[in-house]
Amino acid sequence: MPVEALFAISPRPGLADPVMQSQTVFRTVMAALAEPGTIHALPETLTGTIDAPAPITPAAAAILLALADYETPIFLDEAARNADVGAFLSFHCGSRITDSAGEASFALIADPTSLDRLDAFAPGTLDYPDRSTTLIVQVAELGDVSGEGSVRLRLTGPGIADTARIGFGPVNAGLVAALADNRARFPQGVDLIVTDGAGILGLPRSTRIEEEGF
Amino acid sequence: MSANAAAEAARPYNYAYLDEQTKRMIRRAILKAIAIPGYQVPFASREMPMPYGWGTGGVQVTASIIGPSDVLKVIDQGSDDTTNAVSIRKFFEKTAGVAVTTATTAASIIQTRHRIPETPLGAGQVLVYQVPIPEPLRFLEPRETETRKMHALAEYGLMHVKLYEDIAKHGRIAKTYDYPVMVGGRYLMDPSPTPKFDNPKMHRSPALQLFGAGREKRIYAVPPHTDVVSLDFDDHPFEVNKFDKPCALCGATDVYLDEVILDDRGGRMFVCSDTDNCETRRADGHRGELLGNEEPRA
Ligand SMILES: [Zn+2]
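Same order as they appear, the protein sequences are chains E and F.
Here this note's numbering is used: the first residue of the first sequence is 1, the next is one more, and so on.
Here this note's numbering is used: the first residue of the second sequence is 215, the next is one more, and so on.
Simulated from the structure, these hints should not be mistaken for lab results.
All residues carry an ideal CB built from backbone N, CA and C; glycine is no exception.
One or more of the hints may lead you astray.
[What the hints assert, rightly or not] Derived contacts from chain E toward chain F, CB cut-off under 7 Å, selection only:
id: 1; residue: Asp191
id: 2; residue: Gly213
id: 3; residue: Phe214
[To be verified] With a straight-line cut-off of 20 Å between C-alpha atoms, the simulated EDC-like cross-links for lysine to aspartate or glutamate are:
id: 4; chain 1: F; residue 1: Lys308; chain 2: F; residue 2: Asp284
id: 5; chain 1: F; residue 1: Lys431; chain 2: E; residue 2: Asp127
id: 6; chain 1: F; residue 1: Lys363; chain 2: E; residue 2: Asp127
[Claimed, not checked] What follows is a set of in silico ranges between Cβ atoms, one per label pair, in the way DEER data are often shown:
id: 7; chain 1: E; residue 1: Ala83; chain 2: F; residue 2: Asp295; range: 50 to 60 Å
id: 8; chain 1: E; residue 1: Arg185; chain 2: F; residue 2: Ser283; range: 19 to 29 Å
id: 9; chain 1: E; residue 1: Gly213; chain 2: F; residue 2: Pro510; range: 33 to 43 Å
id: 10; chain 1: E; residue 1: Glu103; chain 2: F; residue 2: Lys363; range: 20 to 30 Å
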């Protein structure tokens, strides 16, 4: 194969400094899952260097690049399922892209308005609840939300001193009920990492979620 | 190539010793552990350049979370100065280029064997426990398949029976360390061989608590503000160890004390197990019996 052809298919750059930036991304995700309801920001210097193919946001790409590898199949929702995304993730993570949500370690949700249920993803087993899918959910707004298809939630549970309030969206109208069902399955269930491209919100399966009005 | 990447390429070993694939695997296990408080996540433990008894599980957890902006404290039985604590601290100074400290309040990560610092931990701090035996039910049920089933169904009657047998035999629950707790009202968890004196510090702590067992290949976690309740009975409520005397050096009364033999004629004293806490109190003007019993002027 001529060298030019190799350049033509070589995917866009991932993390500029994989070792140190993976650590930064991991610590941000760890803090987000340990403190649900609090938004944790990735440094702009980190997300700014990632040139991920549409529709993956730099933050979602950073999370996958830091955490996924050949041991973790990735499921892409319909909006994210394109050749460029597949090539980018296969190249940088070494992950297999899977069509089966139920065998995915990670799932990238580029269009959460289509995410009406969570029970198709791997919930783990009662013996091994850790064998479950982690969803990376890209939203347009996180924190203060306008209400156009967005939700406002009241959160309680581990990681939250009393009650936390957070909004994000737009999402499918069925997602809040799906999150409540997910909590009801504890210790089985899926964990969500919600990101608007800069901030990260953790919604582990342990969090109790109630919808609040606008 | 960034400056960091250049430094990385020039480094003769991986950052924080572990290779990136191992770190990713441990990091994923830590995230699951946080999402399922008290559940023991299996992980593929690696050989570390130190023997198992030295806390290889805790070291692997610390190596997977640590970054150059962290400030690390390492304690062994409350002391920053044992061979074990000093070795681990040096290991991370060298392999991860982090700042180290003995001050509990200055640390972002505290790796510990057998104690929780007396100074209350704060939000954003991470306490990493070195755990020898992560399974609280192991001494009652040696079969892993059986203990896994008990955790799956939250069937912890066996542990209650054992504790109640203690009460029948000794008039009280005999366990003074390794005292079992329920985490988030769901999982029975071994707090590692900390004295039961430290159990209440785990309850709704604002810090993140991570537990690593190297030989047994398990990682588990207690997120901040999570209920950690020591098992007990209505007629025998959980009580922490009480000490008859204050610390002989700093006069502290509400801390865990170690017995120190002074001479071969039976002379002995009780001093803080937490050396940082004791030194800080003395620097603030507190004096125990051995140093003339003084309190700082208001
Ligand atoms: Zn003292």
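Next on the checklist: Checking each numbered hint in turn, tell me which of them this model violates, lowest number first.
Outcome noted: Hint check: 2, 3, 8 and 9 fail, others pass.
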